[in-house]
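Chemist: Let the sequences and hints guide you as you build the complete structure.
According to the numbering used here, the sequence shown is numbered sequentially starting from 14.
Some hints here could point you the wrong way.
What the hints assert, rightly or not - Here are the simulated SDA-like cross-link-like pairs (lysine to any residue), alpha carbons at most 20 Å apart as the crow flies:
#, residue 1, residue 2
1, Lys78, Phe180
2, Lys98, Leu131
3, Lys78, Asp234
4, Lys78, Gly224
5, Lys98, Gly224
6, Lys98, Ser81
7, Lys98, Val237
8, Lys78, Asn206
9, Lys98, Gly231
10, Lys98, Gln188
11, Lys98, Glu144
12, Lys98, Arg112
13, Lys98, Phe180
14, Lys98, Asp226
15, Lys98, Gly88
16, Lys98, Ser211
17, Lys98, Asp183
18, Lys98, Asp167
19, Lys78, Val237
20, Lys78, Thr223
21, Lys78, Ser126
22, Lys78, Glu101
23, Lys78, Asp167
24, Lys78, Glu232
25, Lys98, Gly64
26, Lys78, Thr205
27, Lys98, Ile171
28, Lys78, Glu204
29, Lys98, Thr83
30, Lys78, Phe210
31, Lys78, Asn225
32, Lys98, Gly58
33, Lys78, Ile236
34, Lys98, Val165
35, Lys78, Arg112
Claimed, not checked - Derived Cβ-Cβ restraints for the label pairs, each shown as a range:
#, residue 1, residue 2, range
36, Thr197, Gly224, 27 to 33 Å
37, Met170, Gly58, 31 to 37 Å
38, Ile171, Val56, 48 to 54 Å
Hints were generated in silico from the structure; no laboratory data involved. Ideal placement from N, C-alpha and C gives every residue a C-beta, glycine not left out.
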Amino acid sequence: MKTMKNFLLRTVVIGVLGLLSTNCEDGDIGPAGQDGIAGVDGVNGTDGINGTNGQNGVGFDELTKFGSMTLTLEGTRPDNIPFTKTDEFKFTAVEDIDRFNNVEIEENSLEFSIERTLSAPDDDFQGSEIEVFLVLTNPGEADETIEFDLFVDDYTMIFDDLTYFGFRDDFNNDQIGVTNFSITNFNFNNETNAVTFSFSFNVDAANNDTGNDLTISGEVDVIVVEDIDSIEL
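Modeler: Right under this line is the structure:
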């Protein structure tokens with residue numbers, strides 16, 4: 014009797030397990046696993062040898078080889094702010110050499126006409142320039158006389174506070190309002206045609222574009238040319 018009960022119990026358990034096995038379904042697909050660890054990057058290759066330097070670009074040597082003039086303005090701007098502005102004018106147009114980079118040598122006088130622009134000369138957009146005319150009669154003698162003229166054309170001064178001021182004026186040593194005029198350290202080598210000198214003067218408020226008292230000074234260090242037609246052979 015006991016054996017019969019055990020047999021019936023095993024039969025029921027097996028039946029239940031079979032039923033459970035028959036009714037079981039697959040679950041949802043689990044989340045994708047993380048990517049595997051990527052391989053280690055390869056070692057960078059050795060840099061190649063630098064190439065040969067190219068030729069220098071075309072510059073402005075032709076326009077700067079005759080030297081420059083430096084101009085300094087010191088005074089008060091039209092908005093009543095003190096200023097000092099210095100610029101080097103170092104470009105000369107080749108076509109102007111016969112008129113604005115020359116010297117005329119006479120028996121008892123030297124006459125210089127010198128012009129330089131602030132940047133590469135251009136008829137339309139690069140008009141900032143200065144012109145200096147200097148005539149010395151009986152140079153180096155006790156009766157030496159000086160005629161001097163400075164023309165400043167379209168000189169735009171840009172300041173650190175991002176303001177600007179356009180300056181255009183003409184001055185000579187005999188002009189009303191010009192005082193304390195001086196030419197110093199003058200030297201002219203008639204073999205190399207190198208001429209150097211310094212100039213300075215004051216201009217009162219009524220006679221310059223700032224509307225305030227102004228001190229103007231400059232340094233000339235140029236090489237001038239001489240017209241063959243004017244040379245006595």
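Chemist: Please go over all the hints and tell whether each is borne out by the structure.
Modeler: Here is what the structure says about each hint:
no. : hint                          : in the structure
1   : Lys78 <-> Phe180              : violated (27 Å)
2   : Lys98 <-> Leu131              : holds (13 Å)
3   : Lys78 <-> Asp234              : holds (11 Å)
4   : Lys78 <-> Gly224              : violated (36 Å)
5   : Lys98 <-> Gly224              : holds (16 Å)
6   : Lys98 <-> Ser81               : holds (17 Å)
7   : Lys98 <-> Val237              : violated (26 Å)
8   : Lys78 <-> Asn206              : holds (13 Å)
9   : Lys98 <-> Gly231              : holds (11 Å)
10  : Lys98 <-> Gln188              : violated (23 Å)
11  : Lys98 <-> Glu144              : holds (18 Å)
12  : Lys98 <-> Arg112              : violated (28 Å)
13  : Lys98 <-> Phe180              : holds (12 Å)
14  : Lys98 <-> Asp226              : holds (15 Å)
15  : Lys98 <-> Gly88               : holds (9 Å)
16  : Lys98 <-> Ser211              : holds (17 Å)
17  : Lys98 <-> Asp183              : holds (18 Å)
18  : Lys98 <-> Asp167              : holds (15 Å)
19  : Lys78 <-> Val237              : holds (11 Å)
20  : Lys78 <-> Thr223              : violated (33 Å)
21  : Lys78 <-> Ser126              : holds (17 Å)
22  : Lys78 <-> Glu101              : holds (14 Å)
23  : Lys78 <-> Asp167              : violated (23 Å)
24  : Lys78 <-> Glu232              : holds (17 Å)
25  : Lys98 <-> Gly64               : violated (43 Å)
26  : Lys78 <-> Thr205              : holds (13 Å)
27  : Lys98 <-> Ile171              : holds (9 Å)
28  : Lys78 <-> Glu204              : holds (17 Å)
29  : Lys98 <-> Thr83               : holds (11 Å)
30  : Lys78 <-> Phe210              : holds (18 Å)
31  : Lys78 <-> Asn225              : violated (36 Å)
32  : Lys98 <-> Gly58               : violated (53 Å)
33  : Lys78 <-> Ile236              : holds (8 Å)
34  : Lys98 <-> Val165              : holds (14 Å)
35  : Lys78 <-> Arg112              : holds (17 Å)
36  : Thr197 <-> Gly224: 27 to 33 Å : holds (29 Å)
37  : Met170 <-> Gly58: 31 to 37 Å  : violated (54 Å)
38  : Ile171 <-> Val56: 48 to 54 Å  : holds (52 Å)
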